[in-house]
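Novice: One letter stands for each residue in the lines below.
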Amino acid sequence: MTDAILTLKNVAYRYPDGTPALDNCSLTVRRGSRTAVLGTNGAGKTTLFLHLNGILRPSAGQVLCGDNPLDYSRAGMRKLRSQVGLVFQNPDSQLFSASVQEDVSFGPMNMGLEEREVRTRVAESLLAVGMAASADRPVHNLSYGQKKRVCIAGVLAMKPEILVLDEPMAGLDAAMQQELMSVLDQLHAAGMTIIIATHDLDFAYGWADDGIVMEAGRLLAQGATTEILLRDDVQMALGGAPLIAEINRRLLLIGIDLRDNGYLPRSKGELLQAITAQTRQESTP
Amino acid sequence: MLNALSHGRYISGTSLLHRCDPRTKIILALIFSVIVYTVHTPQSLILLLLCSFGIAQRAGRPLRHSLRGLKPIVYLASITAITHLFFGGGPALAESGILSFVSRDGAGRSLLMILRLTVLINGTSLLTVTTTPLTMMDGLQWLMKPLQRFGVPVGEIAMMMSLALRFIPVIVEEAKQLLKNHAEISRDFSNGTMLQRARSCLPLVIPLFAGVVRRGDALATAMDARCYGACAERTRMNPLRFSSVDILCGGVVLAFLSLLMYIDCFLAGGA
Ligand SMILES: Nc1ncnc2c1ncn2[C@@H]1O[C@H](COP(=O)(O)OP(=O)(O)OP(=O)(O)O)[C@@H](O)[C@H]1O
Ligand SMILES: [Mg+2]
Numbered sequence: 001m002t003d004a005i006l007t008l009k010n011v012a013y014r015y016p017d018g019t020p021a022l023d024n025c026s027l028t029v030r031r032g033s034r035t036a037v038l039g040t041n042g043a044g045k046t047t048l049f050l051h052l053n054g055i056l057r058p059s060a061g062q063v064l065c066g067d068n069p070l071d072y073s074r075a076g077m078r079k080l081r082s083q084v085g086l087v088f089q090n091p092d093s094q095l096f097s098a099s100v101q102e103d104v105s106f107g108p109m110n111m112g113l114e115e116r117e118v119r120t121r122v123a124e125s126l127l128a129v130g131m132a133a134s135a136d137r138p139v140h141n142l143s144y145g146q147k148k149r150v151c152i153a154g155v156l157a158m159k160p161e162i163l164v165l166d167e168p169m170a171g172l173d174a175a176m177q178q179e180l181m182s183v184l185d186q187l188h189a190a191g192m193t194i195i196i197a198t199h200d201l202d203f204a205y206g207w208a209d210d211g212i213v214m215e216a217g218r219l220l221a222q223g224a225t226t227e228i229l230l231r232d233d234v235q236m237a238l239g240g241a242p243l244i245a246e247i248n249r250r251l252l253l254i255g256i257d258l259r260d261n262g263y264l265p266r267s268k269g270e271l272l273q274a275i276t277a278q279t280r281q282e283s284t285p
Numbered sequence: 001m002l003n004a005l006s007h008g009r010y011i012s013g014t015s016l017l018h019r020c021d022p023r024t025k026i027i028l029a030l031i032f033s034v035i036v037y038t039v040h041t042p043q044s045l046i047l048l049l050l051c052s053f054g055i056a057q058r059a060g061r062p063l064r065h066s067l068r069g070l071k072p073i074v075y076l077a078s079i080t081a082i083t084h085l086f087f088g089g090g091p092a093l094a095e096s097g098i099l100s101f102v103s104r105d106g107a108g109r110s111l112l113m114i115l116r117l118t119v120l121i122n123g124t125s126l127l128t129v130t131t132t133p134l135t136m137m138d139g140l141q142w143l144m145k146p147l148q149r150f151g152v153p154v155g156e157i158a159m160m161m162s163l164a165l166r167f168i169p170v171i172v173e174e175a176k177q178l179l180k181n182h183a184e185i186s187r188d189f190s191n192g193t194m195l196q197r198a199r200s201c202l203p204l205v206i207p208l209f210a211g212v213v214r215r216g217d218a219l220a221t222a223m224d225a226r227c228y229g230a231c232a233e234r235t236r237m238n239p240l241r242f243s244s245v246d247i248l249c250g251g252v253v254l255a256f257l258s259l260l261m262y263i264d265c266f267l268a269g270g271a
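Chains U and L, in that order, give the protein sequences. Position 162 (the first sequence) corresponds to 162 in the numbering used here; numbering is contiguous. Position 44 (the second sequence) corresponds to 44 in the numbering used here; numbering is contiguous.
Pulled out of the complex, with its shape left as it was, chain U reads as follows (with noise of 0.2 Å):
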């Protein structure tokens, strides 16, 4: 595949106290593409995002950024991690500063950006996630939502290629989770890769293009979501399968099917369509 932006080979990674997080692990994330990595508490996820930006590096194998292995060396690391942006799963442990403007300011200081193009980012990254009102607030003040926000301005000041997202959703509330999507979706129509490692199966097979699924430390499955998550052993592995796949399961049983030409409504709003296609099929014969 010539458009894959980020590659595993064959990747193992030991914690210094033996854990073995992964293991033989293959993986490609494509250019441009929403990817959702799926997998049970421990199955590695978090370890695999810490091996996009050189913060791990493999026991065993190789990561390749496009068609380079990682160059694990000083200025390669400057590189590699203004281009992949890792947004962690605690906003608490990554905020540094004391105000919201000087915490996002600092990736673009650490690249020695000169003072205009620092305040420029800034203002367009806060912008981007509808924080710019709050740019003088202290940081310990915000509620944990915005300091989501706030750790996601952080890193698109860096302007990354591509945006690693640990849990995004977890501790959001409805319209909070709603606003971050289409907060992700204008950065993934302006060309950004998106990388997303979730539990909400819902929202993996409605978002994401394509999903991988991490079973304790090894690649279970790739591939589109609308097909992966429908796969039995996947729904195993995850210990559930997206709503619409099991509302379908039951309507099949007093057969009825959603599908049109085979494929599952994705949305709420594709789902009631099938619905009401459904019930006026029902009504006309």
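Think of the hints as simulated: they come from the structure by calculation, not from any bench. Heads up, the beta-carbon is just placed ideally off N, CA and C, and yes, glycines get one too. Treat the hints with care, since some could be wrong.
In silico DMTMM-like pairs for lysine to aspartate or glutamate, Cα to Cα no more than 25 Å straight-line [unchecked claim]:
{"id": "1", "chain 1": "U", "residue 1": "79", "chain 2": "L", "residue 2": "233"}
{"id": "2", "chain 1": "U", "residue 1": "9", "chain 2": "U", "residue 2": "23"}
{"id": "3", "chain 1": "U", "residue 1": "9", "chain 2": "U", "residue 2": "209"}
{"id": "4", "chain 1": "L", "residue 1": "145", "chain 2": "U", "residue 2": "114"}
{"id": "5", "chain 1": "U", "residue 1": "159", "chain 2": "U", "residue 2": "185"}
{"id": "6", "chain 1": "U", "residue 1": "79", "chain 2": "U", "residue 2": "117"}
{"id": "7", "chain 1": "U", "residue 1": "79", "chain 2": "L", "residue 2": "174"}
{"id": "8", "chain 1": "U", "residue 1": "159", "chain 2": "L", "residue 2": "224"}
{"id": "9", "chain 1": "L", "residue 1": "180", "chain 2": "U", "residue 2": "92"}
{"id": "10", "chain 1": "U", "residue 1": "159", "chain 2": "L", "residue 2": "233"}
{"id": "11", "chain 1": "U", "residue 1": "159", "chain 2": "U", "residue 2": "117"}
{"id": "12", "chain 1": "U", "residue 1": "9", "chain 2": "U", "residue 2": "233"}
{"id": "13", "chain 1": "L", "residue 1": "145", "chain 2": "U", "residue 2": "115"}
{"id": "14", "chain 1": "U", "residue 1": "79", "chain 2": "L", "residue 2": "217"}
{"id": "15", "chain 1": "U", "residue 1": "79", "chain 2": "U", "residue 2": "166"}
{"id": "16", "chain 1": "U", "residue 1": "268", "chain 2": "U", "residue 2": "200"}
{"id": "17", "chain 1": "L", "residue 1": "145", "chain 2": "L", "residue 2": "156"}
{"id": "18", "chain 1": "U", "residue 1": "79", "chain 2": "L", "residue 2": "224"}
{"id": "19", "chain 1": "U", "residue 1": "9", "chain 2": "L", "residue 2": "224"}
{"id": "20", "chain 1": "L", "residue 1": "176", "chain 2": "U", "residue 2": "92"}
Derived list of chain U stretches under chain L, where covered just means 3 residues or more per stretch with a C-beta under 8 Å from a C-beta of chain L [to be verified]:
{"id": "21", "segment": "50-64"}
{"id": "22", "segment": "69-81"}
{"id": "23", "segment": "112-118"}
{"id": "24", "segment": "152-165"}
{"id": "25", "segment": "179-189"}
Here are some chain L residues pointing at chain U (derived, C-beta under 8 Å) [what the hints assert, rightly or not]:
{"id": "26", "residue": "142"}
{"id": "27", "residue": "222"}
{"id": "28", "residue": "237"}
Fit chain L with the ligands to the given chain U structure using the hints.
Specialist: Below, chain L with the ligands alone, put in the same frame as chain U:
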């Protein structure tokens, strides 16, 4: 007790002191501290205290606020003062009765000491009340610059201090939570002898410490992920600039302090 930690936090405003360069304020605070410890008479200290209350009020900090901040300090100072009181030596305060155990010199000295501490804390908190943590770091970093020549990692020290400032409220919050979860600890925490209190702190301190270590680890990773240490030179924002405000503030404060020193010598000599 935990609230004492958030005492002296920045209050936004536009007073003269707010607009002063942090370097000017840091140097003035240093001179102020030295003077607080060199003046001899309680009169001068009281004058200094009144002035610092006045300035605090002008800077947007209500008197009530200043007084509340001083409570734990006075309490702490009193404990130390008691030792001075009984073991001060010299003539006693009275011929007989309880007061005959109290030394007159000791009483005077302990009063002076409480006064000194109060003036010192209240005066220097003007610095933190009118300066944002960030500009404070910039100021300190600038003032420590000469040390760079001797291999002192000034930039890293400044980063360390600003991280500490950022996480103090978080740790206070965590401690409060822990206290709430262990009502019985919190009861012991404010009762009993010093030793009992110290012992009842343990179940609080250990998880708190573990939390700090865990957080530090995650923090280091997150800093790496955002290119910390990737470039030799970090961008510097908001270059500090001295202005007429600094000359005005510096001049007025220095003139006042000199005058005070003069009066103090005069008073001490006359007595
Ligand atoms: N710092 C560490 N030291 C030792 N072992 C670790 C460390 N971090 C993670 N592990 C272990 O590595 C394995 C993979 O963990 P990882 O955090 O990558 O899982 P995850 O898929 O992100 O899980 P979650 O959904 O809970 O976030 C787990 O068995 C975990 O216990
Ligand atoms: Mg994780």
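Novice: Compare the structure with each hint and give your call.
Specialist: Hints versus structure:
{"no.": "1", "hint": "U:79 <-> L:233", "in the structure": "holds (15 Å)"}
{"no.": "2", "hint": "U:9 <-> U:23", "in the structure": "holds (11 Å)"}
{"no.": "3", "hint": "U:9 <-> U:209", "in the structure": "holds (22 Å)"}
{"no.": "4", "hint": "L:145 <-> U:114", "in the structure": "holds (22 Å)"}
{"no.": "5", "hint": "U:159 <-> U:185", "in the structure": "holds (16 Å)"}
{"no.": "6", "hint": "U:79 <-> U:117", "in the structure": "holds (17 Å)"}
{"no.": "7", "hint": "U:79 <-> L:174", "in the structure": "violated (37 Å)"}
{"no.": "8", "hint": "U:159 <-> L:224", "in the structure": "holds (16 Å)"}
{"no.": "9", "hint": "L:180 <-> U:92", "in the structure": "holds (21 Å)"}
{"no.": "10", "hint": "U:159 <-> L:233", "in the structure": "holds (19 Å)"}
{"no.": "11", "hint": "U:159 <-> U:117", "in the structure": "holds (12 Å)"}
{"no.": "12", "hint": "U:9 <-> U:233", "in the structure": "holds (23 Å)"}
{"no.": "13", "hint": "L:145 <-> U:115", "in the structure": "holds (21 Å)"}
{"no.": "14", "hint": "U:79 <-> L:217", "in the structure": "holds (23 Å)"}
{"no.": "15", "hint": "U:79 <-> U:166", "in the structure": "holds (21 Å)"}
{"no.": "16", "hint": "U:268 <-> U:200", "in the structure": "holds (15 Å)"}
{"no.": "17", "hint": "L:145 <-> L:156", "in the structure": "holds (12 Å)"}
{"no.": "18", "hint": "U:79 <-> L:224", "in the structure": "holds (12 Å)"}
{"no.": "19", "hint": "U:9 <-> L:224", "in the structure": "holds (24 Å)"}
{"no.": "20", "hint": "L:176 <-> U:92", "in the structure": "holds (17 Å)"}
{"no.": "21", "hint": "50-64", "in the structure": "holds (count 3)"}
{"no.": "22", "hint": "69-81", "in the structure": "holds (count 4)"}
{"no.": "23", "hint": "112-118", "in the structure": "holds (count 5)"}
{"no.": "24", "hint": "152-165", "in the structure": "holds (count 3)"}
{"no.": "25", "hint": "179-189", "in the structure": "violated (count 0)"}
{"no.": "26", "hint": "142", "in the structure": "violated (16 Å)"}
{"no.": "27", "hint": "222", "in the structure": "holds (4 Å)"}
{"no.": "28", "hint": "237", "in the structure": "holds (6 Å)"}
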